[in-house]
Amino acid sequence: MAIVAILLALMPGAPARAAGVGFQKVDIPNGAEPPLAAGIWYPTDAPATPHALGGATQTVAADAPIAGNHLPLVVLSHGGGWYGAHYDTALALARAGFVAAAVSHAGDTFDDQSHVLELWRRPAQLNRLVDYMLDDWRGHERLDADRIGAFGFSNGGFTVLVAAGGIPDLSKIAPFCEVHPDHDLCDALRHASVDVHFGAHVPAGVWVHDARIKAMVIAAPSFGFAFGRAGLGRVRAAVQLWSAADDRHQPHPWYDEPVRDDLPRAADYRLVANAGHYDFLPPCDTRLARLRPQICDSAPGFDRAAFHQRFNAEVVRSFEAMLR
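Going letter by letter, the sequence shown gives residues -18 to -1, 1 to 306 in mature numbering (1 follows the signal peptide of the UniProt record, and there is no 0).
Hints in this document: simulated from the structure, not taken from any laboratory.
In this text the structure is predicted, and so the values were computed from the model without any measurement.
Taking CB as the label site, the calculated pair distances span:
no., residue 1, residue 2, range
1, Glu123, Pro11, 15 to 25 Å
2, His162, Gln276, 18 to 28 Å
3, Arg172, Ala1, 48 to 58 Å
4, Ser153, His173, 18 to 28 Å
5, His52, Arg172, 42 to 52 Å
6, Pro29, Asp228, 34 to 44 Å
7, Pro246, Arg120, 29 to 39 Å
8, Ala174, Asn51, 45 to 55 Å
9, Asp113, His173, 33 to 43 Å
10, Ala14, Gln95, 12 to 22 Å
11, Pro32, Asp9, 15 to 25 Å
12, Glu123, His162, 47 to 57 Å
Beta carbons: idealized from backbone N, C-alpha and C, even for Gly.
Work out the full structure, taking the sequences as your base and the hints as a guide.
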(Lines of atoms letter the chains of each structure in order from A and count residues from 1; the text may use other names and numbers.)
(Lines give C-alpha, C1' and ligand atoms only; values in the text may rest on other atoms or scores of the structure.)
Protein backbone atom coordinates (compact mmCIF):
# COMPACT_ATOMS: atom_id res chain seq x y z
CA MET A 1 0.00 0.00 0.00
CA ALA A 2 2.90 2.38 0.74
CA ILE A 3 4.25 1.92 -2.80
CA VAL A 4 0.81 2.66 -4.27
CA ALA A 5 0.56 5.85 -2.21
CA ILE A 6 3.96 7.01 -3.42
CA LEU A 7 3.06 6.34 -7.04
CA LEU A 8 -0.23 8.23 -6.69
CA ALA A 9 1.59 11.18 -5.15
CA LEU A 10 3.91 11.32 -8.15
CA MET A 11 1.07 11.41 -10.69
CA PRO A 12 0.39 14.85 -12.26
CA GLY A 13 -3.16 14.95 -10.89
CA ALA A 14 -2.03 14.55 -7.28
CA PRO A 15 0.31 17.35 -6.12
CA ALA A 16 2.96 16.11 -3.70
CA ARG A 17 2.45 17.53 -0.22
CA ALA A 18 5.47 18.99 1.53
CA ALA A 19 5.85 19.62 5.24
CA GLY A 20 5.08 23.32 5.12
CA VAL A 21 4.60 26.50 3.13
CA GLY A 22 7.26 28.84 1.82
CA PHE A 23 6.57 32.46 0.98
CA GLN A 24 8.33 35.01 -1.18
CA LYS A 25 7.48 38.62 -2.04
CA VAL A 26 8.63 39.63 -5.51
CA ASP A 27 8.53 42.63 -7.82
CA ILE A 28 7.55 41.84 -11.41
CA PRO A 29 8.69 44.06 -14.32
CA ASN A 30 5.74 45.93 -15.83
CA GLY A 31 7.03 47.71 -18.89
CA ALA A 32 7.39 51.47 -18.46
CA GLU A 33 5.35 51.40 -15.23
CA PRO A 34 6.66 50.58 -11.75
CA PRO A 35 7.05 46.86 -11.00
CA LEU A 36 4.02 44.86 -9.86
CA ALA A 37 4.12 43.60 -6.28
CA ALA A 38 3.29 39.91 -5.90
CA GLY A 39 3.31 37.22 -3.25
CA ILE A 40 4.15 33.57 -3.90
CA TRP A 41 3.23 30.65 -1.65
CA TYR A 42 4.77 27.24 -2.38
CA PRO A 43 5.51 23.84 -0.83
CA THR A 44 8.67 23.56 1.26
CA ASP A 45 10.18 21.25 3.81
CA ALA A 46 11.74 24.13 5.74
CA PRO A 47 10.39 24.98 9.21
CA ALA A 48 7.84 27.79 9.32
CA THR A 49 7.48 30.68 11.75
CA PRO A 50 4.87 33.44 12.15
CA HIS A 51 5.32 36.40 9.79
CA ALA A 52 3.28 39.58 9.39
CA LEU A 53 1.40 39.99 6.11
CA GLY A 54 -0.31 43.36 6.11
CA GLY A 55 -2.53 43.27 9.18
CA ALA A 56 -2.59 39.46 9.28
CA THR A 57 -0.11 36.86 10.47
CA GLN A 58 0.79 33.78 8.44
CA THR A 59 2.99 30.86 9.46
CA VAL A 60 5.43 30.37 6.59
CA ALA A 61 9.10 29.79 5.81
CA ALA A 62 10.23 33.04 4.21
CA ASP A 63 12.33 32.62 1.04
CA ALA A 64 12.78 28.92 1.81
CA PRO A 65 13.79 26.24 -0.71
CA ILE A 66 11.01 24.85 -2.91
CA ALA A 67 9.92 21.24 -2.48
CA GLY A 68 8.61 19.11 -5.34
CA ASN A 69 8.56 19.09 -9.12
CA HIS A 70 5.86 19.38 -11.81
CA LEU A 71 3.93 21.61 -9.43
CA PRO A 72 0.59 23.04 -10.62
CA LEU A 73 0.26 26.82 -10.52
CA VAL A 74 -2.74 28.89 -9.42
CA VAL A 75 -2.65 32.66 -9.93
CA LEU A 76 -4.91 34.82 -7.74
CA SER A 77 -6.64 38.11 -8.57
CA HIS A 78 -8.05 40.20 -5.72
CA GLY A 79 -11.04 42.53 -5.65
CA GLY A 80 -10.30 45.99 -4.27
CA GLY A 81 -7.58 44.64 -1.99
CA TRP A 82 -3.97 43.62 -2.67
CA TYR A 83 -1.94 40.47 -3.26
CA GLY A 84 -2.39 39.34 0.34
CA ALA A 85 -6.18 39.63 0.25
CA HIS A 86 -6.71 35.86 -0.10
CA TYR A 87 -3.66 34.65 1.79
CA ASP A 88 -5.61 31.88 3.54
CA THR A 89 -6.66 30.36 0.22
CA ALA A 90 -3.08 30.66 -1.05
CA LEU A 91 -1.80 28.91 2.08
CA ALA A 92 -4.31 26.08 1.62
CA LEU A 93 -3.25 25.62 -2.00
CA ALA A 94 0.44 25.57 -1.10
CA ARG A 95 -0.15 23.02 1.68
CA ALA A 96 -1.84 20.83 -0.93
CA GLY A 97 1.16 20.95 -3.26
CA PHE A 98 0.29 23.90 -5.50
CA VAL A 99 2.25 27.07 -6.11
CA ALA A 100 -0.06 30.04 -5.53
CA ALA A 101 0.93 33.46 -6.86
CA ALA A 102 -1.06 36.66 -6.32
CA VAL A 103 -0.46 40.09 -7.82
CA SER A 104 -1.45 43.52 -6.53
CA HIS A 105 -3.33 45.12 -9.43
CA ALA A 106 -1.58 48.48 -9.70
CA GLY A 107 -4.14 51.27 -9.85
CA ASP A 108 -6.91 49.12 -8.40
CA THR A 109 -5.89 48.25 -4.85
CA PHE A 110 -7.19 49.32 -1.46
CA ASP A 111 -4.62 52.14 -1.31
CA ASP A 112 -4.40 53.10 -5.00
CA GLN A 113 -7.55 53.70 -7.03
CA SER A 114 -5.86 55.78 -9.73
CA HIS A 115 -6.84 53.39 -12.55
CA VAL A 116 -9.86 51.69 -11.00
CA LEU A 117 -12.07 51.92 -14.09
CA GLU A 118 -9.35 50.89 -16.53
CA LEU A 119 -10.44 47.29 -16.13
CA TRP A 120 -8.42 46.07 -19.10
CA ARG A 121 -5.22 46.63 -17.10
CA ARG A 122 -6.08 43.77 -14.75
CA PRO A 123 -6.01 40.81 -17.19
CA ALA A 124 -2.80 42.20 -18.70
CA GLN A 125 -1.23 42.25 -15.23
CA LEU A 126 -2.40 38.70 -14.53
CA ASN A 127 -0.83 37.67 -17.83
CA ARG A 128 2.46 39.25 -16.72
CA LEU A 129 2.26 37.26 -13.49
CA VAL A 130 1.90 33.98 -15.41
CA ASP A 131 4.81 34.96 -17.69
CA TYR A 132 6.98 35.75 -14.69
CA MET A 133 6.15 32.52 -12.89
CA LEU A 134 6.89 30.34 -15.92
CA ASP A 135 9.95 32.18 -17.20
CA ASP A 136 11.68 34.16 -14.45
CA TRP A 137 10.68 32.94 -10.99
CA ARG A 138 13.52 31.13 -9.27
CA GLY A 139 11.37 27.99 -9.11
CA HIS A 140 10.01 28.17 -12.66
CA GLU A 141 11.59 24.85 -13.69
CA ARG A 142 9.60 23.12 -10.96
CA LEU A 143 6.24 24.24 -12.38
CA ASP A 144 3.98 22.26 -14.69
CA ALA A 145 3.10 24.69 -17.49
CA ASP A 146 0.22 22.46 -18.56
CA ARG A 147 -1.55 22.79 -15.21
CA ILE A 148 -2.37 26.43 -14.56
CA GLY A 149 -5.47 27.64 -12.78
CA ALA A 150 -6.76 31.04 -11.69
CA PHE A 151 -8.73 32.24 -8.66
CA GLY A 152 -10.56 35.56 -8.55
CA PHE A 153 -12.95 37.44 -6.27
CA SER A 154 -15.21 40.37 -7.26
CA ASN A 155 -13.14 42.48 -9.70
CA GLY A 156 -10.72 39.56 -9.59
CA GLY A 157 -13.47 37.23 -10.77
CA PHE A 158 -14.07 39.57 -13.70
CA THR A 159 -10.31 39.59 -14.35
CA VAL A 160 -10.06 35.82 -14.43
CA LEU A 161 -13.06 35.50 -16.74
CA VAL A 162 -11.43 37.89 -19.20
CA ALA A 163 -8.06 36.15 -18.90
CA ALA A 164 -9.76 32.84 -19.71
CA GLY A 165 -11.27 34.26 -22.92
CA GLY A 166 -14.20 36.46 -21.86
CA ILE A 167 -14.90 39.73 -23.67
CA PRO A 168 -17.08 42.17 -21.70
CA ASP A 169 -19.12 44.92 -23.28
CA LEU A 170 -18.75 47.86 -20.90
CA SER A 171 -21.21 49.91 -22.95
CA LYS A 172 -23.85 47.89 -21.07
CA ILE A 173 -23.03 49.82 -17.89
CA ALA A 174 -24.92 52.98 -18.94
CA PRO A 175 -28.29 51.30 -19.63
CA PHE A 176 -27.80 49.12 -16.56
CA CYS A 177 -27.36 52.19 -14.35
CA GLU A 178 -30.37 53.89 -15.88
CA VAL A 179 -32.49 51.00 -14.63
CA HIS A 180 -30.54 50.41 -11.37
CA PRO A 181 -29.26 53.83 -10.23
CA ASP A 182 -29.21 52.67 -6.59
CA HIS A 183 -26.78 49.77 -7.17
CA ASP A 184 -23.37 50.19 -5.55
CA LEU A 185 -21.62 50.35 -8.93
CA CYS A 186 -23.85 53.09 -10.30
CA ASP A 187 -23.89 55.03 -7.04
CA ALA A 188 -20.08 54.94 -6.88
CA LEU A 189 -19.76 56.18 -10.47
CA ARG A 190 -22.15 59.03 -9.74
CA HIS A 191 -20.31 60.11 -6.59
CA ALA A 192 -17.01 59.96 -8.46
CA SER A 193 -18.51 62.16 -11.23
CA VAL A 194 -17.75 59.47 -13.79
CA ASP A 195 -19.84 59.37 -16.95
CA VAL A 196 -21.58 55.99 -17.03
CA HIS A 197 -21.05 55.95 -20.80
CA PHE A 198 -17.26 55.55 -20.40
CA GLY A 199 -17.47 51.90 -21.43
CA ALA A 200 -18.75 52.75 -24.89
CA HIS A 201 -15.25 53.86 -25.86
CA VAL A 202 -13.44 50.65 -24.83
CA PRO A 203 -12.51 48.56 -27.92
CA ALA A 204 -12.95 44.79 -27.72
CA GLY A 205 -9.31 44.26 -28.73
CA VAL A 206 -8.00 45.79 -25.50
CA TRP A 207 -8.72 42.65 -23.46
CA VAL A 208 -5.74 40.33 -22.86
CA HIS A 209 -6.43 36.59 -22.76
CA ASP A 210 -4.23 33.74 -21.55
CA ALA A 211 -4.88 30.33 -23.07
CA ARG A 212 -2.55 28.75 -20.50
CA ILE A 213 -5.31 29.02 -17.86
CA LYS A 214 -7.07 25.65 -17.86
CA ALA A 215 -9.30 26.02 -14.78
CA MET A 216 -10.70 28.77 -12.60
CA VAL A 217 -12.51 29.32 -9.32
CA ILE A 218 -14.35 32.64 -9.19
CA ALA A 219 -16.37 34.16 -6.36
CA ALA A 220 -18.94 36.96 -6.74
CA PRO A 221 -17.58 38.23 -10.08
CA SER A 222 -18.19 41.90 -10.80
CA PHE A 223 -19.72 43.19 -14.06
CA GLY A 224 -21.32 39.82 -14.74
CA PHE A 225 -24.11 41.48 -16.71
CA ALA A 226 -21.55 42.95 -19.15
CA PHE A 227 -20.54 39.65 -20.80
CA GLY A 228 -23.56 37.85 -22.24
CA ARG A 229 -23.48 34.57 -24.12
CA ALA A 230 -21.35 35.99 -26.94
CA GLY A 231 -18.88 37.55 -24.53
CA LEU A 232 -18.30 34.27 -22.70
CA GLY A 233 -18.43 32.07 -25.79
CA ARG A 234 -14.65 31.64 -25.96
CA VAL A 235 -14.21 30.58 -22.34
CA ARG A 236 -13.14 26.94 -22.45
CA ALA A 237 -11.63 26.53 -18.99
CA ALA A 238 -13.41 24.52 -16.33
CA VAL A 239 -15.18 26.84 -13.86
CA GLN A 240 -16.28 26.68 -10.25
CA LEU A 241 -18.49 29.67 -9.44
CA TRP A 242 -19.29 30.80 -5.90
CA SER A 243 -22.17 33.11 -5.03
CA ALA A 244 -23.14 34.76 -1.73
CA ALA A 245 -26.89 34.39 -1.18
CA ASP A 246 -27.12 37.74 0.64
CA ASP A 247 -24.79 39.76 -1.59
CA ARG A 248 -26.00 43.35 -1.23
CA HIS A 249 -22.92 44.86 -2.85
CA GLN A 250 -23.61 43.07 -6.14
CA PRO A 251 -27.30 42.20 -5.90
CA HIS A 252 -28.82 39.16 -7.53
CA PRO A 253 -29.49 38.37 -10.34
CA TRP A 254 -27.15 40.73 -12.22
CA TYR A 255 -23.66 39.46 -11.48
CA ASP A 256 -23.20 35.77 -10.66
CA GLU A 257 -26.26 34.43 -12.45
CA PRO A 258 -25.49 35.86 -15.92
CA VAL A 259 -22.04 34.28 -15.75
CA ARG A 260 -23.49 30.96 -14.63
CA ASP A 261 -26.15 30.97 -17.33
CA ASP A 262 -24.02 32.19 -20.25
CA LEU A 263 -20.87 30.10 -19.91
CA PRO A 264 -20.58 27.61 -22.79
CA ARG A 265 -19.54 24.91 -20.32
CA ALA A 266 -21.68 24.44 -17.22
CA ALA A 267 -20.02 25.74 -14.06
CA ASP A 268 -19.86 23.98 -10.73
CA TYR A 269 -22.15 26.51 -9.04
CA ARG A 270 -22.05 26.98 -5.24
CA LEU A 271 -24.55 29.25 -3.47
CA VAL A 272 -23.52 30.09 0.12
CA ALA A 273 -26.52 30.62 2.39
CA ASN A 274 -26.56 33.77 4.56
CA ALA A 275 -23.22 34.95 3.15
CA GLY A 276 -22.52 38.51 2.08
CA HIS A 277 -20.19 39.75 -0.65
CA TYR A 278 -17.19 40.25 1.62
CA ASP A 279 -17.50 36.90 3.36
CA PHE A 280 -15.23 35.56 0.62
CA LEU A 281 -12.44 37.56 2.29
CA PRO A 282 -10.64 35.98 5.27
CA PRO A 283 -11.81 36.84 8.79
CA CYS A 284 -10.55 40.27 9.85
CA ASP A 285 -8.27 40.97 12.76
CA THR A 286 -9.47 43.34 15.49
CA ARG A 287 -7.79 46.41 13.99
CA LEU A 288 -9.17 45.90 10.48
CA ALA A 289 -12.62 45.09 11.86
CA ARG A 290 -12.60 48.46 13.63
CA LEU A 291 -11.34 50.37 10.59
CA ARG A 292 -13.38 48.62 7.85
CA PRO A 293 -16.55 47.17 9.38
CA GLN A 294 -18.24 47.21 5.96
CA ILE A 295 -15.94 44.42 4.72
CA CYS A 296 -15.45 42.66 8.06
CA ASP A 297 -18.95 42.33 9.51
CA SER A 298 -20.92 39.20 8.65
CA ALA A 299 -24.62 38.54 9.11
CA PRO A 300 -25.70 37.28 12.55
CA GLY A 301 -25.12 33.55 12.71
CA PHE A 302 -22.67 33.42 9.82
CA ASP A 303 -19.30 32.06 10.96
CA ARG A 304 -16.79 33.40 8.46
CA ALA A 305 -13.87 31.48 9.97
CA ALA A 306 -15.70 28.16 9.75
CA PHE A 307 -16.87 28.98 6.23
CA HIS A 308 -13.32 29.67 5.07
CA GLN A 309 -12.15 26.30 6.31
CA ARG A 310 -14.79 24.65 4.12
CA PHE A 311 -14.33 27.10 1.25
CA ASN A 312 -10.56 26.67 1.03
CA ALA A 313 -10.86 22.89 1.21
CA GLU A 314 -13.36 22.95 -1.66
CA VAL A 315 -11.18 25.28 -3.73
CA VAL A 316 -8.23 22.92 -3.30
CA ARG A 317 -10.30 19.86 -4.20
CA SER A 318 -11.71 21.61 -7.24
CA PHE A 319 -8.33 22.63 -8.62
CA GLU A 320 -7.02 19.12 -7.98
CA ALA A 321 -9.86 17.72 -10.05
CA MET A 322 -9.84 20.36 -12.80
CA LEU A 323 -6.05 20.34 -13.28
CA ARG A 324 -5.49 16.60 -13.46
